[in-house]
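Number of protein chains: 4
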Amino acid sequence: MIKAGIIGATGYAGAEIARLLLAHPQAEVVWYGSRSYIDEKYSSIYGNFFKLVDAKCMDDNMEELADQVDVIFTATPQGLCASLVNEDILNKVKIIDLSADFRLKDVSVYEKWYKIEHKAPSYIEEAVYGLCEINRKDIAKARIVANPGCYTTCSILTAYPLVKEGLIDPDTLIVDALSGVSGAGRGAKVANLYCEVNESAKPYGVANHRHTPEIEEQLGYAAGKEIVINFTPHLAPMNRGILATEYASLIKKDDKLPTYEEVRVAYEKYYKNETFIRLLDKDVYPETRWVEGSNFVDINFKIDERTGRIIMMGAIDNLVKGAAGQAVQNMNILFGLSEDMGLKLVPAFP
Amino acid sequence: MIKAGIIGATGYAGAEIARLLLAHPQAEVVWYGSRSYIDEKYSSIYGNFFKLVDAKCMDDNMEELADQVDVIFTATPQGLCASLVNEDILNKVKIIDLSADFRLKDVSVYEKWYKIEHKAPSYIEEAVYGLCEINRKDIAKARIVANPGCYTTCSILTAYPLVKEGLIDPDTLIVDALSGVSGAGRGAKVANLYCEVNESAKPYGVANHRHTPEIEEQLGYAAGKEIVINFTPHLAPMNRGILATEYASLIKKDDKLPTYEEVRVAYEKYYKNETFIRLLDKDVYPETRWVEGSNFVDINFKIDERTGRIIMMGAIDNLVKGAAGQAVQNMNILFGLSEDMGLKLVPAFP
Amino acid sequence: MIKAGIIGATGYAGAEIARLLLAHPQAEVVWYGSRSYIDEKYSSIYGNFFKLVDAKCMDDNMEELADQVDVIFTATPQGLCASLVNEDILNKVKIIDLSADFRLKDVSVYEKWYKIEHKAPSYIEEAVYGLCEINRKDIAKARIVANPGCYTTCSILTAYPLVKEGLIDPDTLIVDALSGVSGAGRGAKVANLYCEVNESAKPYGVANHRHTPEIEEQLGYAAGKEIVINFTPHLAPMNRGILATEYASLIKKDDKLPTYEEVRVAYEKYYKNETFIRLLDKDVYPETRWVEGSNFVDINFKIDERTGRIIMMGAIDNLVKGAAGQAVQNMNILFGLSEDMGLKLVPAFP
Amino acid sequence: MIKAGIIGATGYAGAEIARLLLAHPQAEVVWYGSRSYIDEKYSSIYGNFFKLVDAKCMDDNMEELADQVDVIFTATPQGLCASLVNEDILNKVKIIDLSADFRLKDVSVYEKWYKIEHKAPSYIEEAVYGLCEINRKDIAKARIVANPGCYTTCSILTAYPLVKEGLIDPDTLIVDALSGVSGAGRGAKVANLYCEVNESAKPYGVANHRHTPEIEEQLGYAAGKEIVINFTPHLAPMNRGILATEYASLIKKDDKLPTYEEVRVAYEKYYKNETFIRLLDKDVYPETRWVEGSNFVDINFKIDERTGRIIMMGAIDNLVKGAAGQAVQNMNILFGLSEDMGLKLVPAFP
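Chains as they are written, first to last, in our numbering: chain A, 1 to 350; chain B, 1 to 350; chain C, 1 to 350; chain D, 1 to 350.
Keep in mind that the hints were calculated from the coordinates and are not lab data.
Mixed in with the good hints there might be a few duds.
Same chains, same names: a pair is fine if it fits in one copy or spans any two.
[To be verified] Simulated crosslink set (SDA-like; lysine to any residue; CA at most 25 Å straight-line): (1) K56 - L280; (2) K112 - V30; (3) K51 - A23; (4) K105 - K302.
Just chain A, same shape as in the assembly:
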C-alpha cells in the first residue's frame, strides 16, 4: 500500500486527490495537510467525506511528512513546494507538485510570468513535466513530477499531434479556452462569489495568463523550435470543466490542404492506444459534461477549407485530468502500477 500525503488537502485539487485515492486499491492518504485548518476534522471541511475519512488536518511540515509517506502531493500556491523541497526529502519520497514551480525549464521565464523568486532552481532540471501521455518514460524515473496546469493539459494534448507531425503552423496557433470556477480555487474572494460568477462569462489574463509559457514550451518541444501563441482563458458559470478551442493554419502540401483523413491519422498515431484520450467521431465535438468526474480528454477537429485553418477542440475535467486525476496517473507511473489504477471513472451525467 502506497502511503500518500497531501499538502494543501483542503483546496479543491487536494480534496479531489483525497476522493480519488479513497477508491484507489493500492494507495491511501495518511496525511491531510492544511495549514488553515490544523486539528479540524477533514470531513468537517468537506462534508462529502463524512463517515469516510476520520482524520484531522495536519500542518505542512514536509520534513516530517517525508518520514511517513511514499509520495507527497503538493496542491499549494506557487512557490511553496520550491521553498520546502530539499535533497533529504527527495531521497525519501516522490513529490508530485501541482503548482507551477517545476513546470518551466527556464527559471527566468518562471520568475517573469509568476513574479516570484524561485527558491529551488537547482531542481528544475531534474523535475519531469508530468503530462503522462507524452512523458511517461521520463516520469517513471523522476523524483519530482511537475503536474501540468489544467488549461495546459487540455491545450497541449488537443494540438500536440498536429504540431509534432508538422501539419499546422505553430506560430498561427490561437488557444481560446474556458474554465469552470473550481479552477479559481477555494480562496474567499469577492470575484468568486456565487452572484459574481453566476449568469456571466468573462475573459481574463488576456495576453498574459501564466499558462501561456507552459503551453509554448511544451508545444515548442513538439515543433522542434520556440513558438509564441495566443492564449485567452475565460471563466464560465459552472463548477468543473475546461474547453479549449484552438485555431491554426494548416500547412499545404503541393498547394493542397491536408484532408480530414490525414489529420485523423496524425491524431490516431499518438492517441489510438491512450486509455484516457478519446478521439470523437467525425463532427462530434467535445462537451465538458461528457468528461465530468473522469480522467478523459475528449478531442476532435474541423477543417475549414474556406480559411485554410483547422479548429481543434478538447475538453477535460479541470480537477481530474487537469489536476488530481493526472497527479494520480503520475503516481501510478512512478510506482510501476497500471496507469489507470483508481482512475476508471465513468463520467457522471447529468
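Guided by the hints, dock chains B, C and D onto chain A, whose structure is given.
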C-alpha cells in the same frame, strides 16, 4: 456475473444504472433498452459512455429480454412495467421496477393518484417495496421489487425512526421538499428547458403530488395506523439532489418534550449500522452537495422548544439513492451480494 | 428632485437602490457611501453603472450626509444605523434603514436574536415598520422607516389576510422558505463562493433565524395576540428570489373548512387594489422567475381537504420588494409621491 | 402612439420586445401573434406579464395585422417573414424582421447557408441591415429592416473600427464567441433541457454557423473587399449574454505595431458619441453580467506585442442589443424618435 437489462436506458435514471453497473464487479448490462433510440449507439445518446459502452439501443421486448438476463430494471413511465410483466417472465428473472406500478398496495389508491388503470393488480401483493434499510429481508425473497420514489426515499427515511418510536405525532407531519431537475426526466418539454428552470424556484403538485400516498403508506406501517400528511415538492435550479425539510409536533411525556439525546438515540437505533445513512453531527444540516453522486442519505434534526416541533432534514442524490443506486442496492440484496457492492461511491465535490 | 444618500452602496441591496433611483423621475443619488471603497469610482465596483454613474464612493459620515440629502438609505449590517442616528440628523433627513435595527419593538428581543446591544433604543418606538401595503399611513409620517427583511416581507404578506381574518390558526403556522444567494450579501466568505453554493441546496438558521421574531411580531399584530411560528430558510443556487411555502390549519366553522372562495375573498379584501401584489389565478403557483427584477409579490394558496391545512405560497425578488424596491416605495410614501413611481418594473425573463 | 404587432410573441425575443415596449412612452403592442398559443392569455405563457398584459395571443395573419398597426416585428424562424411580405403590406407598415431573411444581400449565400429557398428575393435589395450604429441613416428611410443576429451584432461592432481604419488584417480575423441559452429559443428540444446544458460548455456550428456570412458581409463593407473569417460559437450555461473574443493580426507601419493609443483613437472615432457602446477603461474587459438586461455593447481590446495580434472583446445581452433592444432602437429610428427612447435600461446585477 449477473446479467442485467435496462428498459428505459436512455432516461436519466436508466443511464445512472448503466453508469453504476459499469463499475460493479459482479454485474454487467447486456441490454440497453430504449424504444426511442433503437439501433442507435448508446454512447451517441450519452457521450460520457464513449469508448466505455459499445452497445446499441434495443427495444423493450421483456419476453425476449427475460431469456437473456438475470435481472431487469424498468426505468420507464408509470404503467409500462405492469403492462408487460407476467408469470412466465417472473419465473425467469427478477424485476426491479423504478416506476410506481408496484409501490402502493391498494390498487384504488394507485389508480386515483396516477389516473391510469393498473394492468397487473395480481402482482401488487407479492411485490416488495424496495426501501432497503427498512425491508431488506423481504426484498431478498422477492420476484418484483418496487423501487421507491426519489422524494419518498428521502422523506420516509428522514422521519421513520421517530414515527416508529412514537416520538412525533404523525398527523402533524409536513414534508416540504425540493428536487433538482433531473427528477423531471429527459422528456422534451418547454417547462424543463434551461431558461425556464434556471434562476427560479417553484412549488408544484401542491397537495396532490403522487409521492404523497407512498409516504403515507410506508410511514403508516411505521406508525401502526393510517396517516395523512402534507407533502409539497419544489423545483430548484440544479441537476441533482433532494432535500426534505419535515416538521412534526413532538409528543410530550410527563409534559416534557423529548430531549436532543432521546431523539438521537431513536435515530441511532435504526441507522447506526447502516452503511448508506449518515446521521450528521449536532447542528450540522444536510446539504445536497455532500451526497452528490453517492448512495448516501444525510439526516439530522433540530428541536424547536418554542413551538414544540421538531424539524427533520434529509438529503439524497435523487438519481442514486433516489433511483439507480437504490435499484442496484436492491439487486445486491436479491442476489445475495454485499449490499454496498458497486456502491462505495465517494460524493464528488464541487 | 429628492436627494438621496446611500450608506452601504456597494452591497447588493445598496446597488439595487442605486439602479432603481437612476430610473426614478423625482429622486437622484448624490452620495454613494461605502467605507470599503472610499474614493474609488462606483462604476469600477459595479461595471453595470459604467457611463451611467460617474461618482466616487464616499464614507459613511451620516452627519455630513444629513446636510446634503433629503433621505438616507442605510443598507448596512445590523447595528450601524442605530449607532449613527441622532436627533440632529433626524431633524434634517428621513432615514430608511434596511438593517434590522428598528424592526422589532422589543429591544430585548432584538438583543437576544441579534446578539448585539442596541445603541439607540429610544428611537425604536417612533420608527415605523415599512411594510408598505400594511403600514402606509404610519410610514407617511415617519422619520425612521424600518425596511422589512426579505424573508419577512414575503412571509408576512403571504399569510397576512388569513391571519387577520381569523381563517387560520396562527399557532400552527410553518413558514418554509428559500432564497437566492444575493440575500447573503457581498462579503467574501468561503460559504458563498460559486462552487460551494452551485448545484446544492441547504437549510440554515433552523429554528433560530433572525427573521423569525419579525414575522411573529407583525403577524401577531394581525392576529391580535402573540404567536410563535416555525420558520426555516434554505439557500438555493440562484442569484435572486424568495419563495415562501407556508402551512397552517384552517379554522372550521360549523365543522366545515373554509372554501376556496372564502379564502380568496379574504385575500382580495386586502390586496385587490394593491399595485404590487398579484393574486394568481387558481392553481397557478408563484415562481420566482415571474417576479425577478420587479417589485411584485405573487401569492396563491391551495386548500388540502385531506389534512385540513392550507398551503400559502408567495414569491418576491429579494433585492427589490425584499429590499431596495420596498425602500424606494417607502421613500415615495414619505415624500408624498405616487407609490409606484420608479417602480413600474416589468419582471425580466428569462 | 405607435401601434406595434409582434409575430412570434411567445419566443424569447418576442417576449423581450413585449417587455421593452411596455415601458416605451410612444409605442404599444396591440397584437401578440403566436400561432402555437392562439386565444390563450399572453400572461398565462409568460407569468411575468400577469396584471400587466391582458391580451390573448393572435395568429400571424400579416395582412390583417398590417391594417391595425404601424410596425410589425417578426420574431420568427427563418423563411416566415419572406413568405408573408408583399407590396400591399409594405405600403401600410414598417417591418422589422428579427429573422435572417433580409440580412444577406446575395440570395445564393442565404440559400446555401440556411438551406431554404428565399420566397421574396425581390425585397432583399431594398431591405436595410439594421445595425443601428453603422446604418442609421439608411434605416431611417427603410420599409424593411433586417435586424442583425445576436452573435453578429456583437462580433461586428467589436471589430468594426479596426477593420474600417485598416489597423488589422481582416483575413486573419477569428471570432470565438459564447452565448447564453436563450439564444437557442424556446423550442422543446432535448438538447436545451436544463440538465443537458447546465454545468457544461460546448462548441457548435463549427466552421458552418449561419452568422458567419453575415459577419463577413458587413465587415467586408468596412474592409472594402470580400473577406473570410473563422467564427466559432459556444454554448455556456447561463440565460443571457454573448461574449465575443476576436483575434487579428495588427498591420505594422514602418515595421511597428500600432500603439494602444492609436487603436483607442480608432475606436473612439466611431463610438465616442454612441449611447449604447461603452469603450471600457484600459485593462477592463467585457463581462456579460455588466450588460445584462440593457442595450449596451461593452468593448475593449488588448495588444499582444509578442504575437503581433490584437485581442478584441465585446459583450452584449443577446436578447436586448442582440435582438429586441436593437429592434426597438430600429423602430425609434424608423419613426423619428430619440434612438434611446424606452431603452435607457440600467443593467441589472446580480
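Status of the hints after comparison with the structure:
{"no.": "1", "hint": "K56 - L280", "verdict": "between (43 Å within a copy, 17 Å between copies)"}
{"no.": "2", "hint": "K112 - V30", "verdict": "neither (36 Å within a copy, 44 Å between copies)"}
{"no.": "3", "hint": "K51 - A23", "verdict": "both (14 Å within a copy, 22 Å between copies)"}
{"no.": "4", "hint": "K105 - K302", "verdict": "neither (33 Å within a copy, 28 Å between copies)"}
Taken one by one, the earlier hints fail for this structure at numbers 2 and 4, listed in ascending order.
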